[in-house]
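Engineer: The primary structure of each chain is shown beneath.
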Amino acid sequence: MRATSRSRRTVLGALLLCGALTATGCGAKTGDAAGGGKAVAADTSGDTVKVGLLNSLSGTMAISEVTVRDAVKLAIEEINASGGVLGKKIRPVSEDGASDWPTFAEKAQKLIREDRVAATFGCWTSASRKAVKPVFEKNRSLLFYPVQYEGLEQSPYIFYSGATTNQQIVPALDYLKSKGTKSLYLVGSDYVFPRTANKVIKAYAKANGMTVKGEDYAPLGSTEFSTIANKVKAAGADAVFNTLNGDSNVAFFKEYKSAGLTAKAMPVLSVSIAEEEVKSIGPQYLKDQLTAWNYYQTTETAANTAFVEAYKAKYGKAKPTSDPMEAAYTSVYLWKEMVEKAKSFDPEKVRAAADGTAFEAPEGTVTVDGENQHLAKTARIGRIGADGLIDEVWNSGEPIEPDPFLKGYDWASGLS
Amino acid sequence: MTLTAPPPPAAPPEPARARRLLPAAGPRRTLAAFALGAVLLFAVAPLALTDFRLGLLAKYLCTAIVAVGVCLAWGRGGLLTLGQGVFFGLGGYAMAMHLKLADAGPGNLPDFMVLYGTTDTLPWWWVPFANPVFALAATVLLPMGVAALLGSLIFRRRVRGAYFALLSQALTAAFAIWLVGQQATTGGTNGLTDIQGFFGYALDDPANQRMVYFVIALVLLALIALARQLIHSRYGELLVAVRDSEERVRFLGYDPARVKLVVYVVAAGMAGLAGALFVPAVGIISPALIGIVPSIELVIGAAVGGRASLLGAVLGALAVAWAKTALSEEFPAAWTYFQGLLFVVVVAFLPGGLASLARTVRARLARRRTGADEDGAEQKEAAV
Numbered sequence: 052m053r054a055t056s057r058s059r060r061t062v063l064g065a066l067l068l069c070g071a072l073t074a075t076g077c078g079a080k081t082g083d084a085a086g087g088g089k090a091v092a093a094d095t096s097g098d099t100v101k102v103g104l105l106n107s108l109s110g111t112m113a114i115s116e117v118t119v120r121d122a123v124k125l126a127i128e129e130i131n132a133s134g135g136v137l138g139k140k141i142r143p144v145s146e147d148g149a150s151d152w153p154t155f156a157e158k159a160q161k162l163i164r165e166d167r168v169a170a171t172f173g174c175w176t177s178a179s180r181k182a183v184k185p186v187f188e189k190n191r192s193l194l195f196y197p198v199q200y201e202g203l204e205q206s207p208y209i210f211y212s213g214a215t216t217n218q219q220i221v222p223a224l225d226y227l228k229s230k231g232t233k234s235l236y237l238v239g240s241d242y243v244f245p246r247t248a249n250k251v252i253k254a255y256a257k258a259n260g261m262t263v264k265g266e267d268y269a270p271l272g273s274t275e276f277s278t279i280a281n282k283v284k285a286a287g288a289d290a291v292f293n294t295l296n297g298d299s300n301v302a303f304f305k306e307y308k309s310a311g312l313t314a315k316a317m318p319v320l321s322v323s324i325a326e327e328e329v330k331s332i333g334p335q336y337l338k339d340q341l342t343a344w345n346y347y348q349t350t351e352t353a354a355n356t357a358f359v360e361a362y363k364a365k366y367g368k369a370k371p372t373s374d375p376m377e378a379a380y381t382s383v384y385l386w387k388e389m390v391e392k393a394k395s396f397d398p399e400k401v402r403a404a405a406d407g408t409a410f411e412a413p414e415g416t417v418t419v420d421g422e423n424q425h426l427a428k429t430a431r432i433g434r435i436g437a438d439g440l441i442d443e444v445w446n447s448g449e450p451i452e453p454d455p456f457l458k459g460y461d462w463a464s465g466l467s
Numbered sequence: 002m003t004l005t006a007p008p009p010p011a012a013p014p015e016p017a018r019a020r021r022l023l024p025a026a027g028p029r030r031t032l033a034a035f036a037l038g039a040v041l042l043f044a045v046a047p048l049a050l051t052d053f054r055l056g057l058l059a060k061y062l063c064t065a066i067v068a069v070g071v072c073l074a075w076g077r078g079g080l081l082t083l084g085q086g087v088f089f090g091l092g093g094y095a096m097a098m099h100l101k102l103a104d105a106g107p108g109n110l111p112d113f114m115v116l117y118g119t120t121d122t123l124p125w126w127w128v129p130f131a132n133p134v135f136a137l138a139a140t141v142l143l144p145m146g147v148a149a150l151l152g153s154l155i156f157r158r159r160v161r162g163a164y165f166a167l168l169s170q171a172l173t174a175a176f177a178i179w180l181v182g183q184q185a186t187t188g189g190t191n192g193l194t195d196i197q198g199f200f201g202y203a204l205d206d207p208a209n210q211r212m213v214y215f216v217i218a219l220v221l222l223a224l225i226a227l228a229r230q231l232i233h234s235r236y237g238e239l240l241v242a243v244r245d246s247e248e249r250v251r252f253l254g255y256d257p258a259r260v261k262l263v264v265y266v267v268a269a270g271m272a273g274l275a276g277a278l279f280v281p282a283v284g285i286i287s288p289a290l291i292g293i294v295p296s297i298e299l300v301i302g303a304a305v306g307g308r309a310s311l312l313g314a315v316l317g318a319l320a321v322a323w324a325k326t327a328l329s330e331e332f333p334a335a336w337t338y339f340q341g342l343l344f345v346v347v348v349a350f351l352p353g354g355l356a357s358l359a360r361t362v363r364a365r366l367a368r369r370r371t372g373a374d375e376d377g378a379e380q381k382e383a384a385v
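So the protein lines, in turn, are chains S and C. Residue numbers for the first sequence follow this note's numbering, so the first one is 52 and each next one is one higher. Residue numbers for the second sequence follow this note's numbering, so the first one is 2 and each next one is one higher.
Some hints here could point you the wrong way.
[As the list claims (entries may be wrong)] Listed below are the simulated DMTMM-like cross-link pairs for lysine to aspartate or glutamate, each with C-alpha atoms no more than 20 Å apart in a straight line:
#1 LYS257(S) - ASP225(S)
#2 LYS370(S) - ASP438(S)
#3 LYS230(S) - ASP339(S)
#4 LYS257(S) - ASP298(S)
#5 LYS228(S) - ASP438(S)
#6 LYS124(S) - GLU330(C)
#7 LYS101(S) - GLU331(C)
#8 LYS338(S) - ASP289(S)
#9 LYS458(S) - ASP112(C)
#10 LYS228(S) - GLU443(S)
#11 LYS305(S) - ASP267(S)
#12 LYS400(S) - GLU388(S)
#13 LYS60(C) - GLU165(S)
#14 LYS363(S) - GLU165(S)
#15 LYS80(S) - ASP52(C)
#16 LYS230(S) - GLU204(S)
#17 LYS368(S) - ASP438(S)
#18 LYS368(S) - GLU129(S)
#19 LYS101(S) - GLU165(S)
#20 LYS80(S) - ASP104(C)
#21 LYS140(S) - ASP461(S)
#22 LYS101(S) - GLU330(C)
#23 LYS370(S) - GLU129(S)
#24 LYS124(S) - GLU331(C)
[Stated by the list, open to error] What follows is a list of derived Cβ distance ranges for each label pair:
#25 THR119(C) - GLY436(S): 48 to 58 Å
#26 ASP121(C) - SER331(S): 38 to 48 Å
#27 SER234(S) - PHE135(C): 40 to 50 Å
#28 ALA208(C) - SER234(S): 51 to 61 Å
#29 LYS228(S) - ASP121(C): 24 to 34 Å
#30 ALA409(S) - VAL115(C): 47 to 57 Å
#31 ALA409(S) - VAL45(C): 50 to 60 Å
#32 VAL45(C) - GLU129(S): 42 to 52 Å
#33 GLU452(S) - THR119(C): 26 to 36 Å
Simulated from the structure, these hints should not be mistaken for laboratory data. We put the beta carbon where it would ideally sit given N, CA and C, even for glycine.
Could you build all of it, start to finish, from the sequences and the hints given here?
Structural biologist: What follows is the structure in structure tokens.
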């Protein structure tokens, strides 16, 4: 290659210049007390305040996450109609996480740094929450996470408005035990929630004299369940604990029925099937099976009557309401209460004001625990009806205090 | 601005074979292009973009590094590498494992193992990654080693074309599923996330994020230079010969399997390095980044830009990654359709990618002028 010395010099010069530019920036070391993560102040100029909606609008999770976004939008509309927050109208900025965890992290960053939102509502899967957690922590911005999850987390910048394990899985196991269940079969999707939930279930079973007759995982989105259904049948457990997510449930319950298994002989207790999923699986496959949540469309409170009515008026008569939707709807109101208590949109002040903030939610009264930023919630076991709705068969009577690390349970001491 | 010179406008088009044997653009033009690229990446972008956008550019540059390898392996060598996610993932996980261990401090387990793990001791295959030199070397050598092993098995058996592409896909799917299953030791679907530091520098400091960006940009330029040397070396000519007619190369006494193996291993090393740099830039590596769909996405960029042209592949990868962000911000629910449409249009109407747009148009016009007798030569050229 014949390069003239002049052009070579030009390139060398350009590279040196670049090197010099590069060398100017070398920031904080790890462990520096101050750290470089500066909070970006929310944009509260004018008479609006922006909030972020971060949900999967495309990909496998879209079917569930769009309903959550709709519920958040409904709450924002209601709040704006009654005067907004601190005199400012809420302006939602929606971003698509595309069922892809790194995309969630990118969009969270965009909402905080570019749109300068005061708070963000969203995420469904634990993987997406884990991906955005460092983003919210580094930027010191607030996320309201609306879905029941596997616990073992407590981030100062996340408020968890869904149930943690001791408000859903543990009460469900207590219920099964009270009905005389002696053995369980565990079926779940292959990701962090089912695997962690099953660890909890196995520890509970060991301490309570139950046996676990089998444990199977299917990849997320898998629809091949004939083997698993046959294994469940052969194992002959008293009940099945189902932590499958999304589409897989459709295939699983169809195979379950064709294997000749019934809710009467071997009930399936599911923790990820709400009204929306019942509709898409088909109530005929699910009739009389059990679910564990904190809210059903049929829950009898004055707030719920109003919520269901408003939701159907906005999105159509055929649309059911579900637990994650209700938790998302509630979280917007809780944020409003906290902001008004703090008289500021500053996340640090909002956090400081959080403890004890209560709201008459559709599921009943919920109260924020200021220490772990989860909610005290009432656990409810439901039975799926032929009409696709879920009827409550048992509830905990009063809100259960959140215990994300299961510190109050001796049998869970070895879990984390 | 392609690296293959356009034919002089007045002269009749040369046969494709003769053209390829010539060094492409003049050295001065290449150097000027490099200088321009360096100024854009090192001076213009950091001044013009916000910290957030610069971080995104760093991410795009990582996909561009993969595209350099794809250009070599697919564009030059004819190997449709639909499994680059494996190598990207190996590099990314090697880097992330080291950074997680560094965050945890000596003797401690990474945070996710404390939460979801089953043992109190570090798994044996994590231990060497505590050493930064080992981890850095592994980000490149591990993918290259896997590629060498795999390549030596399949190229000798003359697995090629669609079978090779399918095999790559199966491998990447298997790797992603395996990672998901090993929640206690790989973080499962969550992947390795929440990375605090990069060799002692706090990643939440914008100044350090800029440094990471500069490192990535520098690596990209260096790899483009390396790839260019490779393309214009004797090996580069042999590679194209294997792509166009493997049998003839074999009859000439060369071993096509060895030629393909080299380019496959080089492309794997580049993907590994890209994965390793992706981790500090984005702060996460997870099975969602290395499955079948992301592996295809890594190739789409190169296809859109023009897989046989280095600059085409790199700019294509950057453009596709940028379009993904821009479209998804603008049309949160419909942007995936645009992406699919773009790919279909390019494959159907511009098999040489956007880099061949000018050439294709010129060839069409020339054909209209000169009649049908030069059709063959033109089409061959457009396909390069």
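Engineer: Now tell me, hint by hint, if it's right for this structure.
Structural biologist: The hints, checked one at a time:
1. A hinted pair counts as satisfied when its Cα atoms are at most 20 Å apart, and LYS257(S) with ASP225(S) qualifies at roughly 13 Å.
2. Of the supplied pair hints, the one linking LYS370(S) and ASP438(S) holds, its CA atoms being roughly 13 Å apart against a limit of 20 Å.
3. For the given pair, LYS230(S) sits about 15 Å from ASP339(S) by alpha-carbon distance, which is consistent with the 20 Å threshold.
4. About 31 Å separates the Cα atoms of LYS257(S) and ASP298(S), which puts this hinted pair outside 20 Å; it is violated.
5. Between LYS228(S) and ASP438(S), the direct Cα distance comes to roughly 28 Å. Violation of the 20 Å bound is thereby established for this hinted pair.
6. Our distance criterion of 20 Å between C-alpha atoms is met by LYS124(S) and GLU330(C), whose separation comes to about 18 Å.
7. For the hint linking LYS101(S) to GLU331(C), the alpha-carbon distance of about 17 Å falls within 20 Å, and the restraint holds.
8. Distance hint between LYS338(S) and ASP289(S) is fulfilled; the C-alpha atoms sit about 18 Å from each other, no more than 20 Å.
9. With a C-alpha separation of about 18 Å, the suggested pair LYS458(S) and ASP112(C) falls inside the 20 Å cut-off, and the hint holds.
10. Between LYS228(S) and GLU443(S) the alpha-carbon distance is near 17 Å, which keeps this suggested pair within the 20 Å criterion.
11. Distance hint between LYS305(S) and ASP267(S) is fulfilled; the C-alpha atoms sit about 17 Å from each other, no more than 20 Å.
12. Taken as a hint, the LYS400(S) and GLU388(S) pair is honoured in the structure, with Cα atoms around 12 Å apart against an allowance of 20 Å.
13. Distance restraint check for LYS60(C) and GLU165(S): the Cα-Cα separation of roughly 17 Å lies within the 20 Å cut-off, and the hinted pair is therefore satisfied.
14. At most 20 Å may separate the alpha-carbon atoms for a hinted pair to count; LYS363(S) and GLU165(S) exceed this at roughly 34 Å.
15. Using a Cα cut-off of 20 Å, the hinted pair LYS80(S) and ASP52(C) holds, with the two alpha carbons roughly 19 Å apart.
16. Distance hint between LYS230(S) and GLU204(S) is unfulfilled; the C-alpha atoms sit about 31 Å from each other, more than 20 Å.
17. Among the hinted pairs, LYS368(S) with ASP438(S) is consistent with the structure: their alpha-carbon atoms are about 14 Å apart, no more than 20 Å.
18. Using a Cα cut-off of 20 Å, the hinted pair LYS368(S) and GLU129(S) holds, with the two alpha carbons roughly 19 Å apart.
19. Of the pairs offered as hints, the one joining LYS101(S) and GLU165(S) holds, with about 11 Å between alpha carbons and a cut-off of 20 Å not exceeded.
20. Restraint check for LYS80(S) and ASP104(C): satisfied, since their Cα atoms lie roughly 12 Å apart, inside the 20 Å limit.
21. A hinted pair counts as satisfied when its Cα atoms are at most 20 Å apart, and LYS140(S) with ASP461(S) does not qualify at roughly 47 Å.
22. Distance check on the hinted pair: LYS101(S) and GLU330(C) sit about 16 Å apart at the alpha-carbon level, within 20 Å; holds.
23. At roughly 19 Å between alpha-carbon atoms, LYS370(S) and GLU129(S) fall within 20 Å of each other, so this suggested pair holds.
24. A threshold of 20 Å between alpha carbons decides the hint, and for LYS124(S) with GLU331(C) the separation of about 19 Å falls inside it, so the pair holds.
25. For the pair THR119(C) and GLY436(S), the supplied restraint of 48 to 58 Å is violated, since their beta-carbon distance comes to about 40 Å.
26. The hinted window of 38 to 48 Å between ASP121(C) and SER331(S) holds, with their beta carbons roughly 43 Å apart.
27. For the pair SER234(S) and PHE135(C), the supplied restraint of 40 to 50 Å holds, since their beta-carbon distance comes to about 47 Å.
28. As the Cβ distance of ALA208(C) to SER234(S) is approximately 58 Å, the hint placing it in 51 to 61 Å holds.
29. The given range of 24 to 34 Å is respected by LYS228(S) and ASP121(C), whose C-beta atoms sit roughly 31 Å from each other.
30. A C-beta distance of roughly 33 Å is found between ALA409(S) and VAL115(C), which places it outside the suggested range of 47 to 57 Å.
31. Restraint check, ALA409(S) to VAL45(C): a C-beta distance of roughly 53 Å satisfies the suggested window 50 to 60 Å.
32. Distance hint check for VAL45(C) and GLU129(S): the Cβ-Cβ separation is about 47 Å, which falls inside the suggested range of 42 to 52 Å.
33. In this structure, GLU452(S) and THR119(C) meet the distance hint of 26 to 36 Å, their C-beta atoms being roughly 29 Å apart.
The structure fails to meet hints 4, 5, 14, 16, 21, 25 and 30 from the earlier list, while all remaining hints are met.
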